[in-house]
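Protein chains: 2
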Amino acid sequence: MAEAEGTRFPAGTIEAQISAILAAWGMAEEHVAITTRIMLAADLRGIDSHGLAMLPLYEEHLRNGKITMRPQIRVVRESPVTALIDGGGGLGHVPSDLAMRTAIDKAKRAGLAAVGVRNSAHYGAAGIYALMAAQEGLIGLSTTAVWKPSVVPTFAAEPMFGTNPIAFAAPAGRYPPFVLDMATSTVAIGKLKIATFAGKPLPLGWVVDAEGKPVTDPHEALRIRSMTPLGGTPEMSSHKGYGLGAMVEILSTTLTGAAFAPLRQARDPDAARHDVGQFFMAIDPKAFRDEGEFEADLDEMIDALHAARRADPYQPVLVAGEPEERAVAERAAVGIPVPDTLRAIVAGIARRAGAAMLL
Amino acid sequence: MAEAEGTRFPAGTIEAQISAILAAWGMAEEHVAITTRIMLAADLRGIDSHGLAMLPLYEEHLRNGKITMRPQIRVVRESPVTALIDGGGGLGHVPSDLAMRTAIDKAKRAGLAAVGVRNSAHYGAAGIYALMAAQEGLIGLSTTAVWKPSVVPTFAAEPMFGTNPIAFAAPAGRYPPFVLDMATSTVAIGKLKIATFAGKPLPLGWVVDAEGKPVTDPHEALRIRSMTPLGGTPEMSSHKGYGLGAMVEILSTTLTGAAFAPLRQARDPDAARHDVGQFFMAIDPKAFRDEGEFEADLDEMIDALHAARRADPYQPVLVAGEPEERAVAERAAVGIPVPDTLRAIVAGIARRAGAAMLL
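Residue numbers (my numbering), protein chains in the order written: chain G, -10 to 348; chain E, -10 to 348.
The following block holds chain G by itself, in its conformation from the complex:
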């Protein structure tokens, strides 16, 4: 946390700042509302890399003409349990929100549904979409490919996949939903940035160089951005993280007809759009269990995990989604921390966009 060097702002202020910039970029009002809600949810959940901090990348994409702010979003295929949405070359949040809502509606009727998105771009934090399903009493799954490869397959020496996250959420009864939201790389790029602040060498196995050798200097690592798949090294089963990254790519890209980034870069480096793909699924537990049974059993599993013997008596055993729930409670009460460096960057973006600076 760079909180000591930053300032906390109420969620409403962050929301207004994001909205002001998106609107100044020419995004339609209803798209601004959806995109802002999803970006703010990341900031509230403590996923600092995927809210306000995404604006610099979005500005870069906009300046390079890689995204439009006025996409035509269309459902191009549909069945009672599937749909394919064309994102129209805009940011990913709006078509992804439509995709997850479509999957939820269909799953409530049929028990199960899957929706793909193509011709999209960065969609924010994967967990937000999976959580949408859990908040409606369904199991939710969301995956996304990315515009630029950063993860090096086992035995390779160049990146072929993105951090290709998997998000999976499930509704509990007494507890908030289970929400797993994980990059299939060992660590996310945000952790490299934090390591540069700390000035300490990286653990072996986070980042590799062009020969596939470990990189431990955090500044060098952040420049190279060649991450390892989850597992880190072949000895620690990095082929599993690589396999999971490939699974995400197949669901997000191959199934939707979006672009596989290394091939797009090689064949059409000046392509008008990045054509990123996403995948969403919803499953209704009531297709398998009587009403309430699933949620009660998940509560009992969470109880058992909390009660598991601890390796360190002062470190509780956590369940996926709990750190984010705590962040929401804390940040809704005392505000969202914005490091000074990010605040200065946002000021520049607001100025260039002709938007008010509210932070």
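Be a bit skeptical, because a hint or two may be false.
Note that identical chains are pooled: a pair holds if it fits in a single copy or bridges any two copies.
The calculated BS3-like cross-link candidates involving lysine-lysine, where the alpha carbons are at most 30 Å apart (straight line), are [claimed, not checked]:
| id | residue 1 | residue 2 |
| --- | --- | --- |
| 1 | K275 | K97 |
| 2 | K189 | K97 |
| 3 | K202 | K189 |
| 4 | K55 | K275 |
| 5 | K137 | K189 |
| 6 | K137 | K275 |
| 7 | K202 | K180 |
| 8 | K202 | K137 |
| 9 | K182 | K97 |
| 10 | K55 | K182 |
| 11 | K137 | K180 |
These aren't lab readings, by the way, just hints derived from the structure by calculation.
With the hints as your guide, set chain E onto chain G.
Same frame as chain G, but now just chain E:
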């Protein structure tokens, strides 16, 4: 490979040996055929731990009365895109084969289907089921919980999940299917056995003791069987492997109404059955893409992965499923290696069952 100390047998001989023992145990003829096919497929694919080598565990379960050889397998819930199957307390292969075939049939009609199994037991190698879907032109997913916890959550000091595998398969065009089949632990138990043969210390992060400390003696590790989740250590993101294990448990156990092993052990240690759960899903790419597009794009992705720059010029970049495809080709030609130790164990099982010893 303990091949130097073993003998190769033709697949037909292994098949006959497995069948003879299952039949001698009293399994119905049609169940013997299905179970043997799935166990043999593991041996052919080089997944040595999940074929013939499973017989000792199955014998133990049978002797302890934890499985029946004459299960009543029933579809207890069904919709056009979902089903729930009760395995009747027998081995998992037969209800799981029915579940995956049901998912495939429904997905061919509707585009997508999910089927759960409860009141089941060990089902062999997860990848065999996912591959069934890919061989029918569909994306396949399979997960299973287990009868006995062996994987310790991040920050815990006792096992709460099994090795809870995820298998995911997808059909290619020129290539054999992509088949990811991975335990969500750092390594499978089979790797510990191999390490005891080699007599070398284990890498830090494969196994932990009752205080959550790393265990490097392979014999001690095999006795304890407290594995780490994929990632291995908190620093290397073991919370992701833990989260994936929980996801598998939610799909396999919570969704199907099967037993969560730590709670079953605590509440009903003498339960008649282990009540293991499994989950299967199939997705038809033709619900999203035109005929052949998915397979052609997956071929191109595999081409690109093969062509990726190598860390070691003599170590090709592999794609999930390729080592298993090579094993099938080799073992179909020259036979399946059976270590002498396993052969002696199988001889004892055959003798006790009153089955012929064919190896």
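Hint-by-hint comparison with the structure:
1. Taking identical chains as interchangeable, the C-alpha atoms of K275 and K97 lie at most 30 Å apart whether they share a chain (9 Å) or sit on different chains (23 Å).
2. When the C-alpha separation of K189 and K97 is checked against a cutoff of 30 Å, the pair qualifies neither within a copy, at 49 Å, nor between copies, at 54 Å.
3. In this homomeric assembly, K202 and K189 come within 30 Å of each other (Cα to Cα) both inside a single copy, at 18 Å, and across copies, at 24 Å.
4. Proximity of K55 to K275 under the C-alpha cut-off of 30 Å is restricted to the inter-copy arrangement: shortest distance 29 Å between copies versus 42 Å within a copy.
5. Proximity of K137 to K189 under the C-alpha cut-off of 30 Å is restricted to the intra-copy arrangement: shortest distance 27 Å within a copy versus 40 Å between copies.
6. Taking the shortest alpha-carbon separations for K137 and K275, only the inter-copy value of 27 Å comes in at or below 30 Å, while the best intra-copy value is 39 Å.
7. Taking CA atoms no more than 30 Å apart as the test, K202 paired with K180 passes in both settings, with 19 Å inside one copy and 25 Å between copies.
8. In this homomeric assembly, K202 and K137 come within 30 Å of each other (Cα to Cα) only inside a single copy, at 21 Å, whereas the closest approach across copies is 38 Å.
9. Within a single copy, K182 and K97 get their C-alpha atoms no closer than 41 Å, and across copies no closer than 46 Å, so neither meets the 30 Å cut-off.
10. Taking the closest pair of Cα atoms, K55 and K182 come within 30 Å of each other only inside a single copy of the chain (25 Å); across copies the shortest separation is 52 Å, beyond that limit.
11. In this homomeric assembly, K137 and K180 come within 30 Å of each other (Cα to Cα) only inside a single copy, at 18 Å, whereas the closest approach across copies is 35 Å.
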